[in-house]
Amino acid sequence: MQTHIAKRVEIVIEAPLERRLTEALTAAGVTGYTVLPVLGGSGRSGQWSRDGQVGRAGMVSVVCLIKPKRLDGLLDAIFAVVKKHIGVVSVTDAHVLRAERF
Amino acid sequence: MIEILSLAGANLISPIILSFALGLLAALARSDLTIPEAVAKGMSIYLLFAIGFKGGVAVSAHGIDQTLVLALLAGLVLSFTLPLLAFGLLRVLTGLSAVDAAAVAAHYGSISIVTFVAATSVLQGRMISSEGYMVAVAAVMEAPAILSALWLVARSGGEARMEPGLIRELLLNGSIVLLVGAFFIGAITGEKGFAEISAFIEAPFKGVLCLFLLDMGLIAGRGLRQSRGVLGLGAVGFAIAMPLVSALLGLGVGALIGLSLGGIVLMMVLCASASYIAVPAAMRVALPEANPAIYLTLSLGVTFPFNLTLGIPLYLAIAQAVTGA
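Order-wise, the sequence lines are chains A and B.
Residue 37 in numbering that gives the first Met the number 0 sits at position 38 of the first sequence; the count goes up by one each step and never skips.
Residue 200 in numbering that gives the first Met the number 0 sits at position 201 of the second sequence; the count goes up by one each step and never skips.
Hint data in this document are derived by calculation from the structure and do not stem from the laboratory.
Remember, predicted model here, so these are calculated numbers, not experimental data.
Where a beta carbon is used, it is the ideal one built from N, C-alpha and C, also for glycine.
Don't take each hint at face value.
[Said to hold, decoys possible] If you anchor each label on the Cβ, the simulated ranges turn out as follows:
no. : chain 1 : residue 1 : chain 2 : residue 2 : range
1   : A       : V34       : B       : G164      : 13 to 23 angstroms
2   : B       : H61       : A       : V87       : 13 to 23 angstroms
3   : B       : L247      : A       : T33       : 45 to 55 angstroms
4   : A       : D75       : B       : R29       : 54 to 64 angstroms
5   : B       : A153      : A       : A98       : 42 to 52 angstroms
6   : B       : G164      : A       : G28       : 46 to 56 angstroms
[To be verified] If you only want the chain B side, here are some residues facing chain A, beta carbon under 7 angstroms, derived:
no. : residue
7   : G251
8   : R283
9   : V284
10  : P287
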């Protein structure tokens, strides 16, 4: 089947920043994204688990797929939100079936 | 003093406190006991609705007086000023940076609604009535402390992000909307409305509170376990001393504006409690440089259990002694 090259951007960020990030994605022209709960993990601040959180604490993972030519603009928009916060931004190559959707 | 200790002792063997202790010990012992997140959220919605509704019903029964306005105003002023006191104490007692101290201070100017709910439950258990509008005072005291903390950081030369949407988010956070909304529903429907749903919001209340506090105990215990080594003795001392100082301020203000014994105790509890839901989220946005392990452990791991076990009965006994009620 015919596939098309895309970029998959995943941002793991603190839950209180979720709305700001998704607004930045929308402003940068991203037409779709997926927000996933993060159960726990380990990083520079040590181990953590979703179990020990109250309120809007913890982390979320926001995933979006975009055309490669729009990557730089999107990363600038993302970085404006996440630069001072705990989180991870990663970009991977992906293949999508319907290029017009991204 | 003996009376105070006896009251504290009696409070320690209530189902509510023992449930909290069970959660705390289970977490410290690394048990796999957990309350599902959705269940915990459901219980908090129930408790907030019940406490807001009952407050509204009480106001509809007793009417509105000038003390209500004074109590709201007092809550507002206290929430703005308590962080300044906390900041000063932290700078004296600990080596925390200005940003960390301001972030912690914001938590101690704001309130813990669970502590408030536990206090109302203790008062009800002792047949002590209180002003229903203290629920509204609790809502008023949730956000101003954050502004004070940001001012403290700006004054210390630091950078605080006062985003336009932040205050709106705080004022419209789910807990406040539910609490205030339920309060108005209770005030509008009054005793008739209460009679219609009392089987739902009255009888199961303490049982749900027990399970909710079991979960809070688990959370507090996990927080304590994970943050071992993060806090110094000075910081822990602050987390015990600050609620005592704040409670005394609440006592003075409550007595000055003419609150009843129950109202004074609730004002003391509001002043003494520290936020661990709304303010931490706001601090992550406004002061990302502040270390969440410090402010969360102090408010949730030290002050919350202290208030729940020793603080509330202590504040009640002091208020009784001072007012002679």
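**Asked** Broken hints, numbered, in rising order?
**Response** Hint check: 2, 4, 6, 7 fail, others pass.
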